[in-house]
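From first to last, the protein sequence lines are chains A and B. Here the first sequence is numbered in my numbering, starting from 14 and rising by one per residue. Here the second sequence is numbered in my numbering, starting from 43 and rising by one per residue.
Simulated from the structure, these hints should not be mistaken for lab results. You may find that some hints are simply not true.
[Said to hold, decoys possible] Part of the chain A face toward chain B, derived, beta carbon under 7 Å: (1) A84; (2) K103; (3) R120; (4) N177.
[What the hints assert, rightly or not] List time: in silico BS3-like cross-link candidates among lysine-lysine, alpha-carbon distance up to 27 Å: (5) B:K466 x A:K126; (6) A:K184 x B:K422; (7) A:K184 x A:K124; (8) B:K466 x A:K124; (9) B:K455 x B:K422.
Note that the structure is a prediction, hence the values are computed from the model and not measured. Ideal Cβ placement from N, Cα and C applies to all residues, glycine included.
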Amino acid sequence: MKTKFHLPGIKKLFLPRPADTGSLDASAGSARALFGPPPETAGERGRSLVDFLKQVTLFQDLGRSDLRRLARIVHERDYRDGEYICEEGKPGAALFVLRRGLVEIVRRGSKGKEVPLATLEPPASFDESAAMGTESIRWCSARARGPVSLLALGKADLDALSVNFPLAANKVLMRLAGIMAIRFQMLLDAQYLKESEEQQEAEP
Amino acid sequence: MTLADRSSRAGTVITSLAAAAGVALGASLVWGLRSLIVPGAVGGLVAYIVRPLVARLERFRVPRGVAIGLLLLGFGLAALFIVNGIRAVVPSETGMLELRIRALYALNQRYQALMGLDRSLTRGNRIYGWLHGDLDPVVDRVNQLLALTPEERAQFVASRPRGANDTPAGSDRLVHYDRANVETLKTRARAALPEPAPKGAARPPAALAPGSLAPTPLATLAEILSTWLVAPLVFLFLLLDTGEIKRGLLRAVHDRLLEPALIVLADLDRALGDYVRGLFLECCLLGLTVGLFLTLIGVPLQWTVGIGIFTGASNVVPYLGSAVALLSGLAYALLAEDIRPLLPMVSPENFTIWVVVAVVLAELVKNVAYDPVVFGGVVKLHPLVMVIGVLGGAILFGPVGMLLAIPTIAVGKVFISSTARQLKAYGLILRQSQEKPVV
Numbered sequence: 014m015k016t017k018f019h020l021p022g023i024k025k026l027f028l029p030r031p032a033d034t035g036s037l038d039a040s041a042g043s044a045r046a047l048f049g050p051p052p053e054t055a056g057e058r059g060r061s062l063v064d065f066l067k068q069v070t071l072f073q074d075l076g077r078s079d080l081r082r083l084a085r086i087v088h089e090r091d092y093r094d095g096e097y098i099c100e101e102g103k104p105g106a107a108l109f110v111l112r113r114g115l116v117e118i119v120r121r122g123s124k125g126k127e128v129p130l131a132t133l134e135p136p137a138s139f140d141e142s143a144a145m146g147t148e149s150i151r152w153c154s155a156r157a158r159g160p161v162s163l164l165a166l167g168k169a170d171l172d173a174l175s176v177n178f179p180l181a182a183n184k185v186l187m188r189l190a191g192i193m194a195i196r197f198q199m200l201l202d203a204q205y206l207k208e209s210e211e212q213q214e215a216e217p
Numbered sequence: 043m044t045l046a047d048r049s050s051r052a053g054t055v056i057t058s059l060a061a062a063a064g065v066a067l068g069a070s071l072v073w074g075l076r077s078l079i080v081p082g083a084v085g086g087l088v089a090y091i092v093r094p095l096v097a098r099l100e101r102f103r104v105p106r107g108v109a110i111g112l113l114l115l116g117f118g119l120a121a122l123f124i125v126n127g128i129r130a131v132v133p134s135e136t137g138m139l140e141l142r143i144r145a146l147y148a149l150n151q152r153y154q155a156l157m158g159l160d161r162s163l164t165r166g167n168r169i170y171g172w173l174h175g176d177l178d179p180v181v182d183r184v185n186q187l188l189a190l191t192p193e194e195r196a197q198f199v200a201s202r203p204r205g206a207n208d209t210p211a212g213s214d215r216l217v218h219y220d221r222a223n224v225e226t227l228k229t230r231a232r233a234a235l236p237e238p239a240p241k242g243a244a245r246p247p248a249a250l251a252p253g254s255l256a257p258t259p260l261a262t263l264a265e266i267l268s269t270w271l272v273a274p275l276v277f278l279f280l281l282l283d284t285g286e287i288k289r290g291l292l293r294a295v296h297d298r299l300l301e302p303a304l305i306v307l308a309d310l311d312r313a314l315g316d317y318v319r320g321l322f323l324e325c326c327l328l329g330l331t332v333g334l335f336l337t338l339i340g341v342p343l344q345w346t347v348g349i350g351i352f353t354g355a356s357n358v359v360p361y362l363g364s365a366v367a368l369l370s371g372l373a374y375a376l377l378a379e380d381i382r383p384l385l386p387m388v389s390p391e392n393f394t395i396w397v398v399v400a401v402v403l404a405e406l407v408k409n410v411a412y413d414p415v416v417f418g419g420v421v422k423l424h425p426l427v428m429v430i431g432v433l434g435g436a437i438l439f440g441p442v443g444m445l446l447a448i449p450t451i452a453v454g455k456v457f458i459s460s461t462a463r464q465l466k467a468y469g470l471i472l473r474q475s476q477e478k479p480v481v
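Next up, chain A with everything else stripped away, as it sits in the complex:
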């Protein structure tokens, strides 16, 4: 059976951007809608953590009891507008799941200016490679756009889940592997599109 992945917010990642998007102010018009107050509704506010986790792609395969277990090990964090959630060049130790608000993924360009790559919305997850135990250094930063509430799942917590509840951890890891594979595919696509665009521009 083919598993269908739904990754909210991920489609914006790696998409080619116009050259002038290096400056954040340039896209102020369209961004204003994004940067506004987080889309919190009364229903969402009252939603329990377990219900929320059920919506997250990573945890969709988990049963109710596993989700309750997971809810006990995730860390709820709140960030203010502009605050960095994780920074480029620093080691990763946790994956994050966006619960409320918007998160912007940015990368420092060659001139030291930050280039926005994507804007994530709930219930997107990011920085999954940190939880995979690759001990990689982050290649991009995540910054809060307005007040943001998110869940952090430490690599050590995921390791403990693997030891104590291997079936549940296996389901999460399978999803993680799927997400990583999709991201890799998208990266390849983006690279291919960019190269073909450059080729077309170069042709007389």
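With chain A fixed as given, assemble chain B onto it according to the hints.
Relative to the frame of chain A, chain B by itself:
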């Protein structure tokens, strides 16, 4: 200076004062509750050890509360089993008297044989000449402890079966032992008669100062229980916790420190887990080694298994395992009447010496092989640090301090090194290469 500057400075001063007051209050609280630190730490350590068992039960869809209940039930049954086993082994009142007679006889006979003592018990071989000043008081003290009082002797005589024909051989032997013990005690008393004290030197025992009454055993027990009541409470509290404590701790951490804190906590968990696993393995190996060596010198298998388990279990407190092995082996050597050694050079006469040799060899193997390879490999502490730490723990908190010294040092070391490493990795403190040179 502007108003804003002044208010900012006042805010800093108030914050600093509040922080200092908080630290002083915390330190005084810790000092006031210092008697509860050790029981709390023991409860926490036991909870940490049994946590995986609860998790294993939870994996089979057993609710956490039920899993903890099952675990406590298991502990209760195990304790009941052990208590019943001990009760079955503990001799009756008459049996205890017989045991004391046998032990006293064996002690005196072996001491006399080892030291080459004559009938007056005052002249012996060269070893006696070197050691009698230290050993004689110890032997006298043990003799006093084991000797029967007139009432006990009357009880022992009354318990002997009447009639010479149907009296078992063992009983005859015990009566003979008892007579020999009485003779030896008299001879020792004559040999150890103190010099007459000068007149007026004897003083009546000093009267107890008012209010300095010695605590009764019941009061001591109540005091110990009231302090150690914390241990099961901490144990239960930590077992019932499903991550709230960790989450609460991390909630207090600044956002920038979240990931470093997660890594430091994981490192601490790993260090503690390594310590527990290393200690468990070392205890098992020491128990096996002691059991093997004692079997070789002729201690029967059922005794070596018991001594091995007891030695391994008590090795949780550093150096206690070997002490327990030595005492158990010597106790057996004292009571054993018939030994069948696998080594030809062991005989009943030198059996006690071989027990000491076996235990010393086991301790040597532990120090040379198990400590550096098994334990040192996981705890990564210098042996000198371990020795000083254990001594410090013993001075501060007694045997329990010895038990907790190594894990405390190991965890403290990992905490400091891991924190420094993560703070550097996340750029929260400067790396060495980034530090500006001092001009």
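Verification of the hints:
Given the 7 Å rule on beta carbons, the hint for A84 of chain A is violated: about 9 Å separates it from the nearest Cβ of chain B. Given hint, K103 of chain A at the interface with chain B, holds; its Cβ is 5 Å from that chain's nearest Cβ, closer than 7 Å. At its closest, the beta carbon of R120 of chain A sits 17 Å from a beta carbon of chain B; the interface hint therefore is violated under the 7 Å criterion. Because the closest C-beta pair between N177 of chain A and chain B is about 4 Å apart, less than 7 Å, the hint holds.
A distance of roughly 24 Å separates the Cα atoms of K466 of chain B and K126 of chain A; the hinted pair therefore holds under the 27 Å criterion. The suggested pairing of K184 of chain A with K422 of chain B is violated, with an alpha-carbon distance near 36 Å, which exceeds 27 Å. Our distance criterion of 27 Å between C-alpha atoms is broken by K184 of chain A and K124 of chain A, whose separation comes to about 42 Å. A hinted pair counts as satisfied when its Cα atoms are at most 27 Å apart, and K466 of chain B with K124 of chain A qualifies at roughly 25 Å.
Distance check on the hinted pair: K455 of chain B and K422 of chain B sit about 10 Å apart at the alpha-carbon level, within 27 Å; holds.
The structure shown violates the earlier hints numbered 1, 3, 6 and 7.
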